[in-house]
Amino acid sequence: MAWTRKQMAARAARELQNGYYVNLGIGIPTLVANYIPAGMTVTLQSENGLLGMGPFPRETEIDADLINAGKETVTFVPGASTFSSADSFAMIRGGHIDLAILGAMQVSERGDLANWMIPGKRVKGMGGAMDLVSGVRRIVVLMEHTTPDGEAKLLHICTLPLTGTGVVHRVITDLCVLDVTPSGFEVIEFADGITREQLEQRTEATLHFR
Amino acid sequence: MAWTRKQMAARAARELQNGYYVNLGIGIPTLVANYIPAGMTVTLQSENGLLGMGPFPRETEIDADLINAGKETVTFVPGASTFSSADSFAMIRGGHIDLAILGAMQVSERGDLANWMIPGKRVKGMGGAMDLVSGVRRIVVLMEHTTPDGEAKLLHICTLPLTGTGVVHRVITDLCVLDVTPSGFEVIEFADGITREQLEQRTEATLHFR
Amino acid sequence: MDDPGKHASGMSKLWPDARAALDGIVKDGMLLAIGGFGLCGIPEALIVALRDTGVRNLTIASNNAGVDGWGLGLLLETHQVKKMISSYVGENIEFERQYLSGELDVEFCPQGTLAERMRAGGAGIPGFYTRTGIGTLVAEGKEHKVFDGVTYILERGIQADVALVKAWKADLHGNLIYRRTARNFNPNAATCAKITVAEVEIVVQPGDLDPDEIHTPGIYVHRLVHNPQPEKRIEKRTVRTE
Amino acid sequence: MDDPGKHASGMSKLWPDARAALDGIVKDGMLLAIGGFGLCGIPEALIVALRDTGVRNLTIASNNAGVDGWGLGLLLETHQVKKMISSYVGENIEFERQYLSGELDVEFCPQGTLAERMRAGGAGIPGFYTRTGIGTLVAEGKEHKVFDGVTYILERGIQADVALVKAWKADLHGNLIYRRTARNFNPNAATCAKITVAEVEIVVQPGDLDPDEIHTPGIYVHRLVHNPQPEKRIEKRTVRTE
Chain L
1 MAWTRKQMAA
11 RAARELQNGY
21 YVNLGIGIPT
31 LVANYIPAGM
41 TVTLQSENGL
51 LGMGPFPRET
61 EIDADLINAG
71 KETVTFVPGA
81 STFSSADSFA
91 MIRGGHIDLA
101 ILGAMQVSER
111 GDLANWMIPG
121 KRVKGMGGAM
131 DLVSGVRRIV
141 VLMEHTTPDG
151 EAKLLHICTL
161 PLTGTGVVHR
171 VITDLCVLDV
181 TPSGFEVIEF
191 ADGITREQLE
201 QRTEATLHFR
Chain Y
1 MAWTRKQMAA
11 RAARELQNGY
21 YVNLGIGIPT
31 LVANYIPAGM
41 TVTLQSENGL
51 LGMGPFPRET
61 EIDADLINAG
71 KETVTFVPGA
81 STFSSADSFA
91 MIRGGHIDLA
101 ILGAMQVSER
111 GDLANWMIPG
121 KRVKGMGGAM
131 DLVSGVRRIV
141 VLMEHTTPDG
151 EAKLLHICTL
161 PLTGTGVVHR
171 VITDLCVLDV
181 TPSGFEVIEF
191 ADGITREQLE
201 QRTEATLHFR
Chain Z
1 MDDPGKHASG
11 MSKLWPDARA
21 ALDGIVKDGM
31 LLAIGGFGLC
41 GIPEALIVAL
51 RDTGVRNLTI
61 ASNNAGVDGW
71 GLGLLLETHQ
81 VKKMISSYVG
91 ENIEFERQYL
101 SGELDVEFCP
111 QGTLAERMRA
121 GGAGIPGFYT
131 RTGIGTLVAE
141 GKEHKVFDGV
151 TYILERGIQA
161 DVALVKAWKA
171 DLHGNLIYRR
181 TARNFNPNAA
191 TCAKITVAEV
201 EIVVQPGDLD
211 PDEIHTPGIY
221 VHRLVHNPQP
231 EKRIEKRTVR
241 TE
Chain E
1 MDDPGKHASG
11 MSKLWPDARA
21 ALDGIVKDGM
31 LLAIGGFGLC
41 GIPEALIVAL
51 RDTGVRNLTI
61 ASNNAGVDGW
71 GLGLLLETHQ
81 VKKMISSYVG
91 ENIEFERQYL
101 SGELDVEFCP
111 QGTLAERMRA
121 GGAGIPGFYT
131 RTGIGTLVAE
141 GKEHKVFDGV
151 TYILERGIQA
161 DVALVKAWKA
171 DLHGNLIYRR
181 TARNFNPNAA
191 TCAKITVAEV
201 EIVVQPGDLD
211 PDEIHTPGIY
221 VHRLVHNPQP
231 EKRIEKRTVR
241 TE
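Protein chains in written order, with the numbering used here: chain L, 1 to 210; chain Y, 1 to 210; chain Z, 1 to 242; chain E, 1 to 242.
It is worth saying that the hints were derived from the structure and are not from the lab. Computed from a predicted model, the values in this text were never measured in an experiment. Ideal placement from N, C-alpha and C gives every residue a C-beta, glycine not left out. There could be a bad hint or two in this list.
As the list claims (entries may be wrong) - In silico lysine to any residue, SDA-like type, Cα no more than 20 Å apart, as pairs: (1) L:Lys124 x Z:Gly102; (2) E:Lys232 x Y:Arg58; (3) L:Lys6 x L:Ala33; (4) Y:Lys6 x Y:Ile26; (5) Y:Lys124 x E:Asp105; (6) Z:Lys145 x E:Lys142.
Said to hold, decoys possible - Computed beta-carbon distance windows for the label pairs: (7) Y:Arg210 x E:Phe147: 30 to 38 Å; (8) Z:Gly207 x E:Val239: 20 to 28 Å; (9) Y:Arg137 x E:Glu213: 28 to 36 Å; (10) E:Val239 x Y:Ala38: 51 to 59 Å; (11) E:Val239 x L:Gln17: 51 to 59 Å; (12) Z:Gly90 x L:Gly166: 58 to 66 Å.
So here's chain L without its partners, still in its complex pose:
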């Protein structure tokens, strides 16, 4: 059975390690913050200029000057720091963030990532996605295995405009977990009850199994 969004987030939380500095993308990746194991210290970076992001505020704590990269009101935790956008992306570009967990539209078996633009549809811009994928040490993609229409998102070659090339290390979907290896996608975990055949049916890219 496919993992729920919560199960996906919980699985992604297993990518975290004590002391990690982590950037979580918009959407399902945001949920990962709810599954940080007790006793583990993980510091969340928000690329608009906050290290040490906390949970959403209580109604009385709302502060218009304190938002995350998704423009949602947030809080900060003890030990937090704020900084300019240039300093924030110096941190990202310079390889100081241990891990980013991001959503995607497509991932290729070479680790190419597309998550910012669908030609002919509405163009919103890449925001900080290109900086994150080229700067953060480890990129984990967290996304549904296929589009709502059932189209494959794990491809030989991305057809959408790229966010970065050869940048993805691991993909966690609702069906499985895959590593991007020199020989392509290698499935390292299955969601309960998901079979090799089911995965191959919903994947355009070649899948390798251990």
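Following the hints, complete the assembly by docking chains Y, Z and E onto the known chain L.
Frame of chain L, contents of chains Y, Z and E only:
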């Protein structure tokens, strides 16, 4: 009669304008701070990371954490700010300082400046001088007209390793004030009693007179 | 001074209001750098005043383009903007309409590259190399260069004619302190323009701020506007209930 | 973790002393970035501890080289330094002797270029263009490039193995605040190394510092050493008498 060091500093202070941000070099240029006209606001930058440098401290005010670029203990004035070396030189390189008044070993009639190194003698390094001459909007050199041995310092071409090329706008010596123009040095003021002939005698470069 | 109106008389940089502060310094066809991330930390009063000047054909470097009816959205409604240099413009229907119809030109620039381009422009750095955008549309037409076996692209510094920024607190010399994530692009925009105008909530005397706590030294700020009660609209009001 | 000892256990980054903090992270032949301007804002205890490790053939990027018998001068006396990357070394007789005799290699780097090279190295920028040094010895052998009719030279980012920095105050997460001009190169050195060790006078709990007043976020600091009473030698004690 040649100007004294104090008179030179007083003359250099006439280069200041209200609201200016100024960097003063080590030696005679430091004295210029004593001649800022009353009622004029001039903010002094020290390239080790201070904007709004004040006078030397009283004995009781000495703070080892507060020095100028000459490594002397200083104070700061109300409205001062501190910053990192990268931020300090971003300010300098980016053209935000209105004026620097610096010492020199040699200046050429093309505005080349040499003030950091005498080959074969002790080599101390350029410090921030190269950054200052290439970044600050206007460079005024304040120096003795000749070396203590009577050698010319205003030359057709500098013989010492350069600090910058075509960077000097004006030179104030103990004998005169010169502008660097497209056709070379133009004398715009004489110290009291100094003659054209005396200047030419002590200058290797061609001098133009208005 | 080479830039008219660059320094206020004496050392008080405070101007009576946003309209007065922009008088004579903004012109048709200028390049402006404007701080803010979404609607957080935007110079609200200055944007309204900029609209009211009626200047046109502006190029604006700003991470976002506001929303319909607020922030930079106000300048889009009046067709005063010719081109945006932004990383994300997804919140604005009028923006999209003008962009798709060809009325508005957009240069998409990755967020970190945009911030660094502003910093570089202010720091006398005409160009720098970055991995960001390698292999994507962003890299097209840009110089590629290999350092230690890795390929980077050349990005250019941005030097604006005027910057409009929002800070929390200022002294009369223009030293600025920002608050929380309302800092964002403001310190970077403040450095990259010939003339920078800052809108602040609190104005204090020189000496009231500790030198070590100042985020933007006053040298970068030419005019100050006091707006004690900005609206500070919130785009996504999210709360936890437990 | 890819870098052994990079993160302390839990989130307290405090180590018992300077010697312990350097244990296992400094090795022969390493490139170190060290903060300080003259003797102001130098990590005194860490420099002594570095000497005591006995590591050799070091390359050190630091604006100055200390004085005879203090600061980096201590490491010159013991011949642990192979090369200095500095802007000004005029205060040190032993330095001069080793340099003139060829025992010590020196790369002179303009002060602002050195600071920017550290910042760039920490910011993922392998190279940037600057006017500084054009037409001088500094420009020799470097790529020249014209932007908008003006020539610039390419300077490289510095990425160090270890950085040693001095701050005034820290919390246990490694967030740093510097004091006055003791800030200088420290924030830039802190960002450019694989492992950064900070020596501080005051240690507080996370949450005791306001996020807006932090100069160096804790992400850049891997180990902290508490030195409550550094000597802080003054090179030129100048006073006014009136």
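Contradicted hints - numbers only: 10, 12
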